[in-house]
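**Q** Listed here are the chains, written in short residue letters.
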Amino acid sequence: NAGVTQTPKFRVLKTGQSMTLLCAQDMNHEYMYWYRQDPGMGLRLIHYSVGEGTTAKGEVPDGYNVSRLKKQNFLLGLESAAPSQTSVYFCASSNPTPGQGSYEQYFGPGTRLTVT
Amino acid sequence: AQSVAQPEDQVNVAEGNPLTVKCTYSVSGNPYLFWYVQYPNRGLQFLLKYITGDNLVKGSYGFEAEFNKSQTSFHLKKPSALVSDSALYFCAVRASGGYNKLIFGAGTRLAVHP
Numbered sequence: 001n002a003g004v005t006q007t008p009k010f011r012v013l014k015t016g017q018s019m020t021l022l023c024a025q026d027m028n029h030e031y032m033y034w035y036r037q038d039p040g041m042g043l044r045l046i047h048y049s050v051g052e053g054t055t056a057k058g059e060v061p062d063g064y065n066v067s068r069l070k071k072q073n074f075l076l077g078l079e080s081a082a083p084s085q086t087s088v089y090f091c092a093s094s095n096p097t098p099g100q101g102s103y104e105q106y107f108g109p110g111t112r113l114t115v116t
Numbered sequence: 117a118q119s120v121a122q123p124e125d126q127v128n129v130a131e132g133n134p135l136t137v138k139c140t141y142s143v144s145g146n147p148y149l150f151w152y153v154q155y156p157n158r159g160l161q162f163l164l165k166y167i168t169g170d171n172l173v174k175g176s177y178g179f180e181a182e183f184n185k186s187q188t189s190f191h192l193k194k195p196s197a198l199v200s201d202s203a204l205y206f207c208a209v210r211a212s213g214g215y216n217k218l219i220f221g222a223g224t225r226l227a228v229h230p
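Protein sequences appear in the order of chains A and B. Note that the numbering used here has the first sequence beginning at 1, numbered continuously upward. Note that the numbering used here has the second sequence beginning at 117, numbered continuously upward.
In case anyone wonders, no lab produced these hints; they're calculated from the structure. Any given hint might turn out to be false.
[Said to hold, decoys possible] Just so you have them, the derived chain B footprint on chain A, three or more residues with Cβ under 8 Å:
no. : stretch
1   : 38-50
2   : 103-116
[Claimed, not checked] Straight-line alpha carbon distances no greater than 30 Å define the calculated DSSO-like cross-link-like pairs of lysine-lysine that follow:
no. : chain 1 : residue 1 : chain 2 : residue 2
3   : A       : 70        : A       : 9
4   : B       : 165       : A       : 71
5   : B       : 165       : B       : 193
6   : B       : 165       : A       : 9
7   : A       : 70        : A       : 57
8   : B       : 165       : A       : 57
[Claimed, not checked] Residues of chain B clear of chain A, computed beta-carbon distances all greater than 12 Å:
no. : residue
9   : 130
10  : 144
11  : 179
Positions of the beta carbon are idealized from the N, C-alpha and C atoms, including for glycine.
Chain A on its own, in the form it takes in the complex (with noise of 0.2 Å):
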């Protein structure tokens, strides 16, 4: 069970390129969500998606877009990066269904990115 995981844990992009981050999980969870982490401003939510099929915008979603065609994995795309999207990214997952294990995320291990 390797719970949340996410590719590829390092990149470095040029202004104004494009890539996918991806995240897979393993607990058939429902719910998933992309963060962004930056210095002093703990984790904000850029998209998530309480279902496959679906996703939503969270708290900062300009200059990203999500897409989630399979229940485990769930995608988070840069179409044209900016300096200011340097940052570290974060997945992660919950499960809606009332009980034990229940209301908390798990998280991935994170993709620092560059843009220069």
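Guided by the hints, dock chain B onto chain A, whose structure is given.
**A** Chain B only, in chain A's frame:
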């Protein structure tokens, strides 16, 4: 507006001493509160949560947290700190609108000195 405040950027504690990492929140209705820990170059790990019931919640690695409704606080505590507890700690509250969305504080860096 919903928010979480962690008033201390850094907390310094000597090994063996008790530690407290502070968190206050602002939400409407009953709060669902969480603590996470992040070790260097790692993802966030869930420590404990308060949903309902006893105001003192016990979690992983000997940590506990006390929910205080009148003070809107959820401070993280440990009776005896270890050097290995040194990490970044995040408090979070469940956001309105469902789907287990969380609002995070800015984080508090805990440094435990030998």
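**Q** Please go over all the hints and tell whether each is borne out by the structure.
**A** Quick rundown of the hints versus the structure:
Taking a C-beta to C-beta cut-off of 8 Å, the stretch 38-50 of chain A contributes 8 residues in contact with chain B, enough for the three needed, and the coverage statement holds. Check result for the stretch 103-116 of chain A against chain B: holds, 8 residues qualifying (beta carbon to beta carbon below 8 Å, three or more required). The suggested pairing of residue 70 (chain A) with residue 9 (chain A) holds, with an alpha-carbon distance near 21 Å, which does not exceed 30 Å. Restraint check for residue 165 (chain B) and residue 71 (chain A): satisfied, since their Cα atoms lie roughly 26 Å apart, inside the 30 Å limit.
A C-alpha spacing of about 13 Å is found between residue 165 (chain B) and residue 193 (chain B), which places the hinted pair at or below 30 Å, so the restraint holds. In summary, the hint linking residue 165 (chain B) to residue 9 (chain A) is supported, as the alpha carbons are separated by about 29 Å, within the 30 Å threshold. A hinted pair counts as satisfied when its Cα atoms are at most 30 Å apart, and residue 70 (chain A) with residue 57 (chain A) qualifies at roughly 18 Å. A threshold of 30 Å between alpha carbons decides the hint, and for residue 165 (chain B) with residue 57 (chain A) the separation of about 25 Å falls inside it, so the pair holds.
Every CB of chain A lies more than 12 Å from the CB of residue 130 (chain B), the least distance being 26 Å, so the non-interface label holds. Every CB of chain A lies more than 12 Å from the CB of residue 144 (chain B), the least distance being 17 Å, so the non-interface label holds. Even its closest Cβ contact with chain A, about 14 Å, leaves residue 179 (chain B) beyond 12 Å, as expected for a residue assigned away from the interface.
Hint compliance for this structure: every hint is met.
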